[in-house]
Amino acid sequence: MWPICELYSAGLLVYAVAALAGLAAHFRKKNAAWVAAWLCCASLIAAALEFCASAGTLLAGAEFNWTLDSGIPFVHYGVRLDPLSAFFNLGLSLLAGCVAVYSVGYLKHGVAQQRPGLFCCFFNLMLLALTLVFTASNIVFFLIAWELVVVTSYFLVVTDHESVEARQGGSLYMLMSRGGTGMLYIGFLLLGTVAGSMEFQALHGVGARLSPGLGAAAFLLLFFGFGVKAGIIPLHIWLPAAHPVAPSNVSALMSGIVIKTGIYGMARVFFDFYPDLPVWAGMLVLLAGVISALLGVLYALMEHDLKRLLAYHSIENIGIILMGFGSALLFRSFGHPQLAALALVAGLFHTLNHGIFKCLLFLGAGSVMQGAGTRNMEQMGGLIRRMPWTALFFLIGAIAISGLPPLNGFVSEWFTYQGLLAGFGATATLTRIAFPIAGALLALTAALAAACFVKAFGIAFLALPRSQNAERASEAPLSMKTGMAGLALACVVLGLGATWFVPIFASITQQAFGVQITGQLVAGSGLLLTAGSVHNGSVSPLVLALALVALGVVPLALWFALGRRSKRTAGPAWDCGLPGLTSANEYTATAFSKPLRMIFGAIFRPRREIQAEFDVSPYYPKAIHFESEIEPTFETHFYQPLWEGFLALTARMRKIQTGSIHAYLAYIFVTLILLLLFGVRG
Amino acid sequence: MIEKIFAIVVQVALVLLLSPLVTGFNRAFKARVQTRRGPSLIQPYWDLYKLLRKGMVIPETASWIFTATPFVLFVTTLLASLLIPTVSASAPMSLFGGVLAVVYLLALGRFFLALGGLDTGGSFGGLGSSREMTISAIAEPALMLAVFTVAIGAGSTNLSTVAQSALGQSWRFLAPSQMLAFAALFIVLIAETGRIPVDNPATHLELTMIHEAMILEYSGPYLALIEWAAAIKQLVLMTILVNVFFPFGLATDWSAGAVLFSLVLFIAKLLLLSVVVAVVEVSNAKMRLFRVPELLAIGFVLGALALVSTFLFQG
Chain L
1 MWPICELYSA GLLVYAVAAL AGLAAHFRKK NAAWVAAWLC CASLIAAALE FCASAGTLLA
61 GAEFNWTLDS GIPFVHYGVR LDPLSAFFNL GLSLLAGCVA VYSVGYLKHG VAQQRPGLFC
121 CFFNLMLLAL TLVFTASNIV FFLIAWELVV VTSYFLVVTD HESVEARQGG SLYMLMSRGG
181 TGMLYIGFLL LGTVAGSMEF QALHGVGARL SPGLGAAAFL LLFFGFGVKA GIIPLHIWLP
241 AAHPVAPSNV SALMSGIVIK TGIYGMARVF FDFYPDLPVW AGMLVLLAGV ISALLGVLYA
301 LMEHDLKRLL AYHSIENIGI ILMGFGSALL FRSFGHPQLA ALALVAGLFH TLNHGIFKCL
361 LFLGAGSVMQ GAGTRNMEQM GGLIRRMPWT ALFFLIGAIA ISGLPPLNGF VSEWFTYQGL
421 LAGFGATATL TRIAFPIAGA LLALTAALAA ACFVKAFGIA FLALPRSQNA ERASEAPLSM
481 KTGMAGLALA CVVLGLGATW FVPIFASITQ QAFGVQITGQ LVAGSGLLLT AGSVHNGSVS
541 PLVLALALVA LGVVPLALWF ALGRRSKRTA GPAWDCGLPG LTSANEYTAT AFSKPLRMIF
601 GAIFRPRREI QAEFDVSPYY PKAIHFESEI EPTFETHFYQ PLWEGFLALT ARMRKIQTGS
661 IHAYLAYIFV TLILLLLFGV RG
Chain V
1 MIEKIFAIVV QVALVLLLSP LVTGFNRAFK ARVQTRRGPS LIQPYWDLYK LLRKGMVIPE
61 TASWIFTATP FVLFVTTLLA SLLIPTVSAS APMSLFGGVL AVVYLLALGR FFLALGGLDT
121 GGSFGGLGSS REMTISAIAE PALMLAVFTV AIGAGSTNLS TVAQSALGQS WRFLAPSQML
181 AFAALFIVLI AETGRIPVDN PATHLELTMI HEAMILEYSG PYLALIEWAA AIKQLVLMTI
241 LVNVFFPFGL ATDWSAGAVL FSLVLFIAKL LLLSVVVAVV EVSNAKMRLF RVPELLAIGF
301 VLGALALVST FLFQG
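Order-wise, the sequence lines are chains L and V.
FYI, in our numbering the residues of the first sequence are 1 to 682.
FYI, in our numbering the residues of the second sequence are 1 to 315.
What the hints contain is simulated information worked out from the structure, not anything from laboratory work.
Note that the structure is a prediction, hence the values are computed from the model and not measured.
All residues carry an ideal CB built from backbone N, CA and C; glycine is no exception.
Mixed in with the good hints, there may be bad ones.
[Unchecked claim] Okay, the calculated beta carbon distance ranges per label pair:
1) V/V276 - L/M598: 30 to 40 Å
2) V/A31 - L/I433: 41 to 51 Å
3) L/G179 - V/F173: 52 to 62 Å
4) L/G182 - V/V280: 52 to 62 Å
5) L/I433 - V/V259: 32 to 42 Å
Hey, can you work out the whole structure from these sequences and the hints?
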């Protein structure tokens with residue numbers, strides 16, 4: 001038996017102490033950098049403790065509950081580690097540990113270096129708050145932890161507060177989060193009122209007791225409220241604004257796990273609080289998933305800012321996760337708990353996998369930014385020679401996120417496909433057509449993601465350096481490489497060892513649908529992953545990987561038989577007869593994505609401007625100025641009018657804001673009287 | 001276990017030997033239709049032999065990705081071919097990955113090939129990579145819809161199971177859903193193997209090529225591996241077409257008569273499909289790059305119709 005409670009509390013304690021120590025170091029100002037390095041180690045220890053606690057909960061299937069009364073009605077400081085919480089906490093602690101190791105080296109350079117103590121304070125505080133979000137067992141406590149995550153991550157995002165871009169990104173994040181949290185308050189209050197309690201345990205299955213109208217309203221509020229955090233389209237606009245401006249270790253956690261709090265909230269609401277949802281709800285989630293996945297990857301393709309590109313990919317992957325969740329909801333309403341469990345496993349597995357590879361990619365982007373000093377891919381190039389390890393880890397992340405075998409991204413996408421395929425037989429209505437169509441669009445998404453990462457890796461790391469900074473780039477220090485190596489290893493292990501990992505979902509599907517499907521998902525003495533049964537389809541990433549290595553015999557044999565004596569010479573690449581190949585000959589990121597920009601022109605509405613300067617004849621230009629941009633559809637057509645309307649409204653509101661303290665006292669008095677009257681009458 | 005390994009070795013040998021023949025037949029037949037003499041049927045074998053013995057020039061700008069690419073491409077394509085039934089109705093490794101694994105293994109090879117194109121630093125590599133990734137991405141939904149239709153019909157994504165279930169109902173290819181799915185997959189075959197009207201494998205005209213632009217810097221044994229991988233990929237896609245939709249004669253046991261009959265029939269089916277591809281090639285002009293999405297959109301619509309007709313006619 002694992003000492004789960006002790007491990008869990010010790011982890012929280014270490015986070016809290018490290019946060020306080022960071023604050024102290026900030027005010028003492030002496031040796032702050034040195035202290036910061038040790039505080040990162042403290043985060044690593046805390047993460048390791050939390051990891052053990054979560055793993056123990058999942059393996060033993062045991063729950064642990066602990067409450068502290070606050071003296072205020074309805075409010076308890078309650079925590080509970082049930083399988084769902086433990087799964088998310090497991091992901092959090094895995095990422096937190098790797099990012100902590102990475103941060104030791106990362107904090108020595110860049111903006112965070114100016115105030116390392118304060119940075120570590122917020123860093124640990126955010127990890128503490130995230131742990132609490134995943135484990136809170138009470139609505140009020142959950143929302144307190146939720147707000148704490150928003151505040152701490154806001155401060156981390158604006159670490160570089162002297163840059164306007166960072167401040168704006170941070171503000172947008174704050175504003176969107178406020179809106180989302182507002183919806184959560186109302187949604188949770190609706191559920192809590194009917195249940196008569198704020199405890200999560202009392203809310204289990206409460207959805208059935210709500211009237212259909214109220215149930216739908218609460219569902220929509222909670223879905224969109226959590227959707228803001230998760231970044232579903234059209235609520236995504238804060239992601240590409242806030243993620244790139246944050247220090248890279250923060251972006252890694254933001255994309256890896258902070259947005260997953262939204263996914264956790266949805267899982268909690270959809271599968272714990274609602275015992276059943278109407279078909280339209282599942283369709284809505286599936287549709288949101290498809291749209292987010294497809295538009296996310298399309299916008300990512302158009303980016304040449306490496307971190308914005310990664311931020312858009314987070315939207316894409318949230319979409320893939322929601323495809324799993326949506327089909328799970330639909331299967332449950334069609335009365336197929338087994339299929340629902342398969343789809344839920346797909347969604348949750350992809351949640352963890354995306355956390356890992358996205359974290360890895362953001363850390364890689366951080367090393368590149370420190371090495372080459374830019375986020376713009378058009379100024380990188382050739383980094384594979386100067387930063388070989390970073391390049392290797394980034395390549396592993398790129399293969400994993402493109403869903404290519406045998407890494408972890410392939411496994412969870414495979415489960416998602418199988419869930420969607422099985423959906424065709426789940427119902428006799430026309431709804432069944434939606435599943436394969438969603439599957440085909442998932443295939444398009446995955447193929448576009450592969451194209452996007454060929455672009456990201458190829459332009460940033462391969463060929464010739466495109467700027468002097470890229471030429472002078474240097475490899476990241478050991479601690480940063482170690483952090484990335486841990487995550488890259490996790491990508492490989494979760495891919496090849498998926499059959500050993502999948503059983504941990506047993507207790508989660510048991511909790512959600514009362515079925516343990518994982519026994520059927522693994523067959524062939526632990527070698528095969530199946531889609532419910534071997535007949536439906538099976539795959540074995542491990543055997544495929546081994547076979548790839550074994551088949552290497554064939555080209556090697558050919559080589560030894562015939563090509564052994566062939567000469568290898570190095571020579572220049574074909575430069576079209578121009579004198580020497582320079583970086584100006586190379587394909588750029590903008591050029592690479594041009595065919596797709598034209599094919600999906602209806603979505604992008606691209607605009608370009610070419611101005612040629614010439615002396616005598618227009619056929620011999622001296623310089624050409626090229627500008628190309630795509631229309632930010634949601635920003636211009638949805639948020640811009642919304643913002644203008646909001647400003648107009650506030651202009652009217654200003655009439656009652658006289659600035660006189662007497663007026664305000666009168667407002668308060670009137671409000672109080674009205675409330676009292678309302679209370680007496682009620 | 002020994003039998004399994006034997007089956008794998010046999011299939012590897014079959015695929016390696018047969019794939020250049022299909023390419024050679026396609027070229028020879030096209031030449032005949034165009035009233036040219038054309039190359040001999042076994043010219044591709046000579047080409048591979050020659051390339052494997054030649055020296056090679058590695059661009060100075062290239063990294064280890066450039067070197068790794070031919071091997072990764074060759075191995076992934078070869079592994080994909082082990083997941084599909086060729087002569088026997090049960091593919092040697094089909095338990096370890098179904099049609100999704102085939103699609104994604106090919107995608108892994110393509111991922112590295114596109115990186116290899118970008119690695120040299122020249123303009124053509126990037127041009128080819130960009131176009132290849134674009135066309136394969138927009139071909140993907142049509143491919144998946146057709147594949148889903150077949151998988152739903154058989155209740156499995158395992159290609160051996162699919163072929164065996166089709167074997168039981170020899171006239172199933174006449175069902176509208178199967179015919180539509182076949183048409184969709186045929187369009188994907190044209191696009192994925194770089195045939196006219198999408199790409200022209202014979203051209204080295206800089207602005208029209210896709211696949212050839214990507215591998216412009218490869219030479220000698222590396223080029224041989226890439227060319228061979230391309231031939232195997234073509235064989236893989238064609239085999240899916242012929243054996244999933246027209247599985248007559250697939251050997252269900254290992255008796256000599258059944259295997260021989262199946263082998264002859266398999267080669268005949270491949271050559272017949274190759275004739276169809278060649279006829280499409282000689283009777284069309286190459287499309288502009290930006291017309292290709294329209295062709296693939298037709299494939300997507302056909303795939304969607306295949307699904308709808310599955311819904312309508314199979315209940």
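Next on the checklist: Going through the numbered hints above, which ones does this structure break? Give me the numbers in ascending order.
Outcome noted: none
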